[in-house]
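Protein chains: 6
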Amino acid sequence: MMAMRSGNGAITRKFAASERAAVLVEALPYIQRFWGRTVVVKYGGNVLAEAVPAETKLDEFDAELDSFAQDIVLLQSVGFLPVVVHGGGPQIDSWLSRIGKKPEFVDGLRVTDLETLEVVKMVLLGKLNPSIVQAINRHGGRAVGVSGLDSSLIVATKSSERLGFVGEIVAINPDLLVRMLAEGLIPVVATIGADTAGQGYNINADFGAAEIARALDAEKLVYLTNIDGVRRDPSDPESLIQKMTETELAELFEAGSITGGMAPKLRSAGAAVAGGVNSVHILDGRIEHSILLEMLTDEGIGTMIVSEKKGGEDGG
Amino acid sequence: MMAMRSGNGAITRKFAASERAAVLVEALPYIQRFWGRTVVVKYGGNVLAEAVPAETKLDEFDAELDSFAQDIVLLQSVGFLPVVVHGGGPQIDSWLSRIGKKPEFVDGLRVTDLETLEVVKMVLLGKLNPSIVQAINRHGGRAVGVSGLDSSLIVATKSSERLGFVGEIVAINPDLLVRMLAEGLIPVVATIGADTAGQGYNINADFGAAEIARALDAEKLVYLTNIDGVRRDPSDPESLIQKMTETELAELFEAGSITGGMAPKLRSAGAAVAGGVNSVHILDGRIEHSILLEMLTDEGIGTMIVSEKKGGEDGG
Amino acid sequence: MMAMRSGNGAITRKFAASERAAVLVEALPYIQRFWGRTVVVKYGGNVLAEAVPAETKLDEFDAELDSFAQDIVLLQSVGFLPVVVHGGGPQIDSWLSRIGKKPEFVDGLRVTDLETLEVVKMVLLGKLNPSIVQAINRHGGRAVGVSGLDSSLIVATKSSERLGFVGEIVAINPDLLVRMLAEGLIPVVATIGADTAGQGYNINADFGAAEIARALDAEKLVYLTNIDGVRRDPSDPESLIQKMTETELAELFEAGSITGGMAPKLRSAGAAVAGGVNSVHILDGRIEHSILLEMLTDEGIGTMIVSEKKGGEDGG
Amino acid sequence: MMAMRSGNGAITRKFAASERAAVLVEALPYIQRFWGRTVVVKYGGNVLAEAVPAETKLDEFDAELDSFAQDIVLLQSVGFLPVVVHGGGPQIDSWLSRIGKKPEFVDGLRVTDLETLEVVKMVLLGKLNPSIVQAINRHGGRAVGVSGLDSSLIVATKSSERLGFVGEIVAINPDLLVRMLAEGLIPVVATIGADTAGQGYNINADFGAAEIARALDAEKLVYLTNIDGVRRDPSDPESLIQKMTETELAELFEAGSITGGMAPKLRSAGAAVAGGVNSVHILDGRIEHSILLEMLTDEGIGTMIVSEKKGGEDGG
Amino acid sequence: MMAMRSGNGAITRKFAASERAAVLVEALPYIQRFWGRTVVVKYGGNVLAEAVPAETKLDEFDAELDSFAQDIVLLQSVGFLPVVVHGGGPQIDSWLSRIGKKPEFVDGLRVTDLETLEVVKMVLLGKLNPSIVQAINRHGGRAVGVSGLDSSLIVATKSSERLGFVGEIVAINPDLLVRMLAEGLIPVVATIGADTAGQGYNINADFGAAEIARALDAEKLVYLTNIDGVRRDPSDPESLIQKMTETELAELFEAGSITGGMAPKLRSAGAAVAGGVNSVHILDGRIEHSILLEMLTDEGIGTMIVSEKKGGEDGG
Amino acid sequence: MMAMRSGNGAITRKFAASERAAVLVEALPYIQRFWGRTVVVKYGGNVLAEAVPAETKLDEFDAELDSFAQDIVLLQSVGFLPVVVHGGGPQIDSWLSRIGKKPEFVDGLRVTDLETLEVVKMVLLGKLNPSIVQAINRHGGRAVGVSGLDSSLIVATKSSERLGFVGEIVAINPDLLVRMLAEGLIPVVATIGADTAGQGYNINADFGAAEIARALDAEKLVYLTNIDGVRRDPSDPESLIQKMTETELAELFEAGSITGGMAPKLRSAGAAVAGGVNSVHILDGRIEHSILLEMLTDEGIGTMIVSEKKGGEDGG
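Chains as they are written, first to last, in the working numbering: chain L, 1 to 316; chain V, 1 to 316; chain F, 1 to 316; chain G, 1 to 316; chain E, 1 to 316; chain A, 1 to 316.
Some hints here could point you the wrong way.
It does not matter which identical chain is meant; a pair holds if it fits inside one copy or across any two.
[As the list claims (entries may be wrong)] Pairs of lysine to any residue, SDA-like flavour, derived with a Cα cap of 25 Å: (1) K57 to E161; (2) K57 to L96; (3) K57 to V170; (4) K57 to R162; (5) K57 to S97; (6) K243 to E308; (7) K57 to S67; (8) K57 to V106; (9) K57 to S160; (10) K309 to T245; (11) K243 to G276; (12) K57 to D113; (13) K57 to E104; (14) K243 to G256; (15) K102 to L58; (16) K158 to L109; (17) K57 to L109; (18) K158 to R142; (19) K243 to E254; (20) K57 to H139; (21) K158 to D107; (22) K57 to F105; (23) K57 to L114; (24) K158 to D66; (25) K158 to S257; (26) K57 to E168; (27) K309 to E248; (28) K158 to L58.
What the hints contain is simulated information worked out from the structure, not anything from laboratory work.
Just chain L, same shape as in the assembly:
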């Protein structure tokens, strides 16, 4: 039997067609431009907490991870080389309390004694990382969980006695990631590091993502968060900034407009741009397919930070 078209379909189709064509004509050059370029996506602990809650459940029902995993796989399917870096604060808190420990913070950084470090490693490497890997694999990607210990990816040193086993990054050895990307694998990185004597450290994932993006000479660094971007006035949703340069970012810092959890994220964003990453994006991870929209359409979503020099030419 032949498939016939309904009578008025031609008109409807013709109408929709021009709009669909416009989206494609807009998207294809971005795909060409970024083909083979690396994109580091920081999957924030708060967004992730909604996708992978602390309580135990069946892996195949992690439905909230699906949109994220699909985007990563779609990006790779058209030639981007995605690297996922993830945090996990809320789930760590939950497990610490489960074994009777109380989370403690200094200046927003977790005080990490040996026992806390063990829980951090177990939650990040044993719970969250494999959940993301499995979600990407369910969508046909070939994800591989990576810790900063693997092939000495993240070399760290103790940042301060007071914080305990919190590490400061000394060096990134990106070879392992470079090879994985070349082989079509999608690395999912948990930011545990080690010093040269082999002692492990808890590393802030925002900083980790920025350093990895620099070391990989990434095209883009994307922070998926639970806010809609950077606002000039944090209390005013109308003051959202679509695009700014490093200098403008520095001015915002000086003006005291950046506070709370946004501060470390933006500080590492600035460092990434200064270090050669072409653009950093702060996106609302709760909007479906926010990564695709940011990368493949002219308008974008959230806030984009670019270097002074490249400011003019680097849309998309």
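Place chains V, F, G, E and A on chain L using the hints.
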């Protein structure tokens, strides 16, 4: 100065975003699936006649070629390997009359004496082919004009004494095209062939495109025409066929539903599908970006012909 | 200043020299023969329990791992391609009890509900695996932690409703390991698997090691345990078997000589040899450098199982 | 039956042998020296006019092209990489008059309005170029017709308003030719160029050949003309110059000895040598196999121009 | 100063030119056809004896080797891959007598006791082989002396007790030669072989050359001798055979026309052709450049033996 | 039948095991460090004289060469790239006297007239070199005899009129050796050289080995002699020097401690170290496996000379 977003932009954007995301989520898998696959596009003489009229004009004002050339370049930019094959009947007629010759046809095929052959070669190779090459180059592609004589691409023999120097294809030597595609070039082919003694022949471009598609093991063969597709009842626009198999095509021929210029096109379409080309598409070249819409969206445009075996799995 | 030799050194040295030369003349052909060949080493949970106890301590003081890690690095340094597979039973028990759960076993296999599975993943992937990785890295190797989820290395299915989330291996996708070995990396594998829907499973490490050895077409599979090998009469240390064929192993099973934890190990050993692994070795991991001695000297240590066909020619 | 030699054959053969051996001993070192080196041969319009007259005839009877095509194929067969560049003045004149236009020249350059440009393209690309391609293919070569438009080979700009669409070369993009040569193809180039906006231009073939030779870092540039070489005194056949340096060529210009059509040829010859081409040769294309004799024997034919520095060492 | 041509030079040159062109047009196709093909040249002891006499002299005055060495270097320069195999009977005799031993032969093969074997090795490897290597190097080739012992090139076994250390070839391991040819080296082979226990043997050079030609899948095997070829009637110079097939050769043997030293040469020639060598040539090495004339001209010199199947198509 | 272990074997084995393990743990890092590094071994004429005496005997009974050949093959089997350079003074003397010539020396260098040169070449290339090649092949290596003439390996010039055809090295062309090493072959070099006119020369093998080691950028140069190393006081065996730097070597020369045949060896050793060879070793070739012990154990045997800069770090 920072670029701020207008107050109500967020809402509008959010709305449009989900639609744009849907188009992208639909298109990206096609891009992945067809990455590195060859698509032969037959640019019909009648459509081309509107783009490159017989009269002389400035090259840079061939505005009508633009949408076509842009689509070809966009397809290549996301990994398709396009090959353009073109005809040129109207322009040949025009030049023949200019030197005082009257076009003559038998069964829709041009009677080609030596002098006509010379005009055919001059119009195709010296006028139309370079126009298409230049248009693609203006859009950033790297097109290369190719005749069937080059590296013995099209080996032909005289089809009948009555038609004179009209050739029947004996063999295609696709190496030249294969290498050009591998090097990122876009071949633009005029279907002049030669026999082993070196005598040139005028080759029907529909047949030429189909044979080239077979020899290249192409994914798709697209006929850009000036009709909206194949109709069950030629006089009824409502009877347009969206998709059919080889068998259904054979039934249409038997039923006598296929007449006129559509007959050779569909006969070569059937041969191409039988010869391993995954799908043949008859599209209305006057719709802007019709190629993109056919290749990158679920619904498609025009008529698609697939082999029996692959009928079910091969959308897009 | 010149380094002079003590008077009687010459004699001592000359004497020792012939013995040292004999060891080298014996070892070098093994090195040549096994150059570029894969060796899968199963680091058993009980031996590992002494090296990495359940309680928390500084990473750099995992002194017990040192001899093991050094052997792995030395083997690689002379051309072997080592893959480490590890278990972790005792440490899992310890963490389960820490959150108030009681381990439960059926036929020697751990009954694994969802919560237990989560603890298994966290202990293996978050605690033991990184400890081994760090130890190897401290000795100059480039170890990479790998779970069976990574790039779908271990595809599993539920083995029985009664055991819960205990998986049976359906397929091994060894590409990830093959590439890592080719790049000079040392994979350290925790045998967590997943089914095609993405649900994770707890996989017996003995079986996992054997299947990985088969999939890698490994030269050797080594089980490092806390016994001295296979005995004909379990209670008689004098009855230790140095070398046997598959057939002889089958006879031992029939005779009822194999009991307890040795049964699954030897069953998977038999399957590995049948599947093409040249030899399986059961070694006492508590003897320092037992791996080196087994691989590079004529006499060997522990018990070696070879296939009937290769029995005669495959010493070392 | 055995093939026996005639009685006195031995003597005759022995005699001829030493002479034949001498030719070979002379030729082989040139073949070795130039193996894999590029030779650009400008096939002049006047010589070509005898081979491919304006009137229409059967392709396979272009007998006059045979000696030329054979030489090109022989050169390639022993490792040279030949590139043919051709003109076509006489045939263009003939076609212009056919459509009622009168050729017009300023300083030896053709005044080219839009209509003339169209005829130039049609005659060069549609008539002469395919004739040469077919002749080479008849001799077993794999020739490919190339216009300066293909892959933007010749980028040009308008040279003067007065001359209309006559182009001056701005850049050569030799990649297309380099790849063709590497693949064993023989490019046959018609010197139509285009500016960056895509407007086509008529380019002088002598200049075009010289620029292509420079861009390809060619070993030799050969002008096949209908004169016997450069004469010190144009009216005295005895004053033919066999070899001269750039400086000597400049002196000839100063002395006013170079006039007429020889001037642009020698000016571009000088530029080619200055630009790195090892030698430029002006040969009489009417002598059979003049290219072979020039390249493979010590004496040579016609006039050879070399750079000052290389003057002494570069015979053949 | 400009190089001017003498007045009447043009005429002389033009005349000679057509003849020189004819030789080139004849030779170039052979060069193309045999490019990259292996040619084994057996340099016979008798011809060699004139070039390198037994008495001691300065190396640089081995003038007689010059024509031979030049031909080998010229052949290589145009793409042939020459392998030289040499004998040395007369010089061995001379050295044996020098140490007081009398040469002894049975059926034309040298009876070889241990002491004779030592002299054979010393003369071939220490005197003749280096002389040929040096002569080729003087002409710019890169020759390398090779014995059948090197990398076990010639594996032999004792042919009979009566002959002593005369070897029969058991196997050829051509890898060493294949690699040398691929690297542009010219192997010069002395046919000393060894059995698997490492005992050396004296190998007949005619047989050795034929076996090496077979193992290398050579295009041609050339015997340079001191006769003008094979005669139907040995006493009648008029009966020289230019070309014959294997079958015709067999007929000659049957007719008893082949006697003396020609017998082993022709027997191995027949074996070489039967084993896949395209043609075997018996040439008079005393004619200057006889190899070039045989390989690069239509007529040839001496006698050529081809297989039945290839008889018709394989001139040159 | 199962192979059972004797009752008390376990204890014995355990004891020996720790010692054997210690040798291996010591050796493996050297193997890793020197993997793929070149070692030039000079096999001295005096040691060789015991292995291959002047008198004629069966090749397979050269039993004395066995330990040497086995060491070379073992070194290669674990990744070293050995090159053997040999002398042959005693055997040359013997053959000279056999043809009635009396050896004559000036300052320890052989006066070499034309006839002597011929004997030198015949003994080195025709007798000793093939003996070493065969011995290595008997042990499974793939040795290839090389003279300094091959591919112009050793370019020399006459050192003085008084010495006759004794050559001084002008240049080493190591390509041939580099390629052989890359292909797994073991070159065995006789140090005959030639000047650019092709005249051969006798080259001192100690100097030759040092120059070859420099040209190959060798890791080590080993002189196998018939003494136990360098002594501070030649008459006092207790004064053997285990390790010294270039400077210390220079001091020994100044102190007049170095005399006789040791002088040229140590002078070339100093030059080799200065030229980039990491270490030079003077060993007693009469100790079995002395090469293995020197290269793969911490203590070493004989005397090791290193450069000042590398003195501290370069044991083994």
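Each hint tested on the structure:
Taking the shortest alpha-carbon separations for K57 and E161, only the inter-copy value of 17 Å comes in at or below 25 Å, while the best intra-copy value is 37 Å. For a Cα distance limit of 25 Å, the shortest separation of K57 from L96 qualifies both inside one copy, at 19 Å, and across copies, at 17 Å. When the C-alpha separation of K57 and V170 is checked against a cutoff of 25 Å, the pair qualifies only between copies, where the shortest distance is 23 Å, while the shortest distance within a copy is 37 Å. Taking the shortest alpha-carbon separations for K57 and R162, only the inter-copy value of 18 Å comes in at or below 25 Å, while the best intra-copy value is 36 Å.
Both within a single protomer and between protomers do K57 and S97 lie at most 25 Å apart by alpha-carbon distance, with minima of 19 Å and 20 Å respectively. For a Cα distance limit of 25 Å, the shortest separation of K243 from E308 inside one copy, 11 Å, qualifies, whereas the shortest one across copies, 52 Å, does not. In this assembly of identical chains, the alpha carbons of K57 and S67 lie at most 25 Å apart only when taken from the same copy (19 Å versus 39 Å across copies). With identical chains, the CA atoms of K57 and V106 are at most 25 Å apart between copies only, with a shortest distance of 23 Å across copies and 32 Å within one.
In this assembly of identical chains, K57 and S160 lie within 25 Å of each other by CA distance solely across copies; the values are 19 Å between and 37 Å within a copy. With identical chains, the CA atoms of K309 and T245 are at most 25 Å apart within one copy only, with a shortest distance of 9 Å there and 50 Å across copies. Proximity of K243 and G276 under a CA criterion of 25 Å is satisfied intra-copy only: 17 Å inside one chain copy versus 49 Å between copies. In the homo-oligomer, the alpha carbons of K57 and D113 lie at most 25 Å apart only across protomers (10 Å), although the nearest pairing inside one protomer, at 29 Å, exceeds that limit.
Taking the closest pair of Cα atoms, K57 and E104 come within 25 Å of each other only across two copies (20 Å); inside a single copy the shortest separation is 27 Å, beyond that limit. Taking the shortest Cα distances, K243 and G256 sit within 25 Å of each other inside one copy (19 Å), while across copies they are farther apart (62 Å). Taking the closest pair of Cα atoms, K102 and L58 come within 25 Å of each other only across two copies (21 Å); inside a single copy the shortest separation is 27 Å, beyond that limit. Taking the closest pair of Cα atoms, K158 and L109 come within 25 Å of each other only inside a single copy of the chain (13 Å); across copies the shortest separation is 41 Å, beyond that limit.
Taking the closest pair of Cα atoms, K57 and L109 come within 25 Å of each other only across two copies (22 Å); inside a single copy the shortest separation is 29 Å, beyond that limit. Proximity of K158 and R142 under a CA criterion of 25 Å is satisfied inter-copy only: 22 Å between copies versus 34 Å inside one chain copy. In this assembly of identical chains, K243 and E254 lie within 25 Å of each other by CA distance solely inside one copy; the values are 18 Å within and 63 Å between copies. In the homo-oligomer, the alpha carbons of K57 and H139 lie at most 25 Å apart inside one protomer (19 Å), although the nearest pairing across protomers, at 39 Å, exceeds that limit.
In the homo-oligomer, the alpha carbons of K158 and D107 lie at most 25 Å apart inside one protomer (16 Å), although the nearest pairing across protomers, at 46 Å, exceeds that limit. Taking the shortest Cα distances, K57 and F105 sit within 25 Å of each other only across copies (22 Å), while inside one copy they are farther apart (29 Å). Taking identical chains as interchangeable, the C-alpha atoms of K57 and L114 lie at most 25 Å apart only when they sit on different chains, with a minimum of 7 Å there against 28 Å within one chain. In this assembly of identical chains, K158 and D66 lie within 25 Å of each other by CA distance solely across copies; the values are 23 Å between and 36 Å within a copy.
Taking identical chains as interchangeable, the C-alpha atoms of K158 and S257 are never at most 25 Å apart, the minima being 30 Å within one chain and 54 Å between chains. In the homo-oligomer, the alpha carbons of K57 and E168 lie at most 25 Å apart only across protomers (21 Å), although the nearest pairing inside one protomer, at 34 Å, exceeds that limit. Taking CA atoms no more than 25 Å apart as the test, K309 paired with E248 passes inside one copy only; the shortest distance there is 13 Å, against 52 Å between copies. With identical chains, the CA atoms of K158 and L58 are at most 25 Å apart between copies only, with a shortest distance of 13 Å across copies and 37 Å within one.
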